[in-house]
Amino acid sequence: MADLTELMKNEVFMAFASYATIVLSKMMFMSTATAFYRLTRKVFANPEDCSSFGKGENAKKYLRTDERVERVRRAHLNDLENIVPFLGIGLLYSLSGPDLSTAILHFRLFVGARIYHTIAYLTPLPQPNRGLAFFLGYGVTLSMAYRLLKSRLYL
Amino acid sequence: MADLTELMKNEVFMAFASYATIVLSKMMFMSTATAFYRLTRKVFANPEDCSSFGKGENAKKYLRTDERVERVRRAHLNDLENIVPFLGIGLLYSLSGPDLSTAILHFRLFVGARIYHTIAYLTPLPQPNRGLAFFLGYGVTLSMAYRLLKSRLYL
Amino acid sequence: MADLTELMKNEVFMAFASYATIVLSKMMFMSTATAFYRLTRKVFANPEDCSSFGKGENAKKYLRTDERVERVRRAHLNDLENIVPFLGIGLLYSLSGPDLSTAILHFRLFVGARIYHTIAYLTPLPQPNRGLAFFLGYGVTLSMAYRLLKSRLYL
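Protein chains in written order, with numbering that gives the first Met the number 0: chain A, 0 to 154; chain B, 0 to 154; chain C, 0 to 154.
The hints are simulated quantities; they were obtained by calculation from the structure and are not laboratory data. These numbers were taken from a predicted model, which means no experiment stands behind them. Please note that a few of the clues may not be correct.
To be verified - Output of the computed footprint for chain C on chain A, the stretches with three or more beta carbons under 8 Å from beta carbons of chain C:
#: 1; region: 39 to 49
#: 2; region: 123 to 129
Said to hold, decoys possible - As a list, the in silico DSS-like pairs of lysine-lysine whose alpha-carbon atoms are at most 30 Å apart:
#: 3; chain 1: A; residue 1: 149; chain 2: C; residue 2: 25
#: 4; chain 1: B; residue 1: 25; chain 2: B; residue 2: 41
#: 5; chain 1: A; residue 1: 59; chain 2: C; residue 2: 25
#: 6; chain 1: C; residue 1: 60; chain 2: A; residue 2: 60
#: 7; chain 1: C; residue 1: 59; chain 2: B; residue 2: 59
#: 8; chain 1: A; residue 1: 60; chain 2: A; residue 2: 41
Just so it is clear, CB atoms sit at the ideal spot from N, CA and C, and this is done for glycine as well.
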């Protein structure tokens, strides 16, 4: 147990743990947003989901796609595609002994960029708001990957 | 190496490793289920996948969507959306020194909820079976995130 | 901090860190490929993305799906579905004290299989190129999961 207590004393690792938890919680919020739009707009993907609204043919009209729901789902998928590399690369980067302030700058920029990306996607804000948010988060992850591979490559 | 041996002596971390491996293996099973339905129902997304069934126009009829295949794909995507936060938050939670029995309760509830979610999605069972399974897994992950941020927030 | 320095001295863990970073960077490249095809083929999912190409009805013609873009998106989703289990299981496997050369063989086969999978999907190469690449990566992850559960099961 002693070693784990040590791990949680490591400031970079603790900062990573905090920011990763925040950005994952934000991603989980997308599920709630999808459920909210599905229920308020009565748009479902599965027959069993709308059986309380009607039976048989009457229920089938709820099995459709809706631009608002699809938009939330695209934002959710984009989150997954970007947060998974951040988690993997960020965890390894945190353990590679980076400078604390540099590491925190990376984490803050990434989390801020992803939150702004979600706002820009769901509002929606005109481009290039969403595009810039996407590329900021993308660049931060690549920067961590670059530092990791440069200092610790072992193939 | 000594420190890693220590890490694997940590009971919470070992329990997390076991449950995470089980739930990830379950998620991988979804790929096999998709392949099974695609092959038995002859429903493909790529022209090169069905070239053995026919050439030219004859092959195009297999490039379609099928409700059964789409259902497995939705279940798979829902797994991804929920298991990724569990992996990230659960790993950090395991390292934050929680009570062993509390931690194991979290892991068991999550893995049970996701397995039941898959059964409810693929059978399909009437709602609210799938909905309750989803919210149970969701709540377990949020509970770990809450404990993690409460005890270790470092921004 | 001492323990983390130890962690980065562990050769299996360092090898995992390197291969995980490479395969995640490859996955991130898929976002760039999607953006490239969307821009060169003028195929968009959101009205705000193509507002610079025209206004009102004129812009709507760019809101469509394109086989080339959908192909990249399927390859990206397949990456996510397979790289997430590799990251989770591979991290825990690396910490379970495996033999160095066995571990590196696993990592190399997985990364090679996923890179070949992407080439086979985007070219596209005739089947079973993509299928074999998929099953090789799948089998490598299952092999790590099996070794992990066999030696360290703790439920």
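Okay, the hints, checked on the actual structure:
Note: the region 39 to 49 of chain A has 0 residues with beta-carbon separation from chain C under 8 Å; the three-residue rule is not met and the coverage is violated. Here the region 123 to 129 of chain A counts 5 residues with a CB under 8 Å from a CB of chain C, which clears the bar of 3, and the coverage holds. Straight-line distance between C-alpha atoms of residue 149 (chain A) and residue 25 (chain C) comes to about 17 Å, which keeps the hinted pair within the 30 Å bound. Restraint check: the Cα-Cα separation between residue 25 (chain B) and residue 41 (chain B) comes to about 24 Å, which is no more than 30 Å; the hinted pair holds.
Between residue 59 (chain A) and residue 25 (chain C) the CA atoms are separated by roughly 41 Å; this puts the pair beyond 30 Å, and the hint is violated. Taken as a hint, the residue 60 (chain C) and residue 60 (chain A) pair is honoured in the structure, with Cα atoms around 26 Å apart against an allowance of 30 Å. The hinted pair formed by residue 59 (chain C) and residue 59 (chain B) meets the criterion: a straight-line CA distance of about 28 Å does not exceed 30 Å. Restraint check for residue 60 (chain A) and residue 41 (chain A): satisfied, since their Cα atoms lie roughly 9 Å apart, inside the 30 Å limit.
When the structure is compared with the earlier hints, violations turn up for hints 1 and 5 and for no others.
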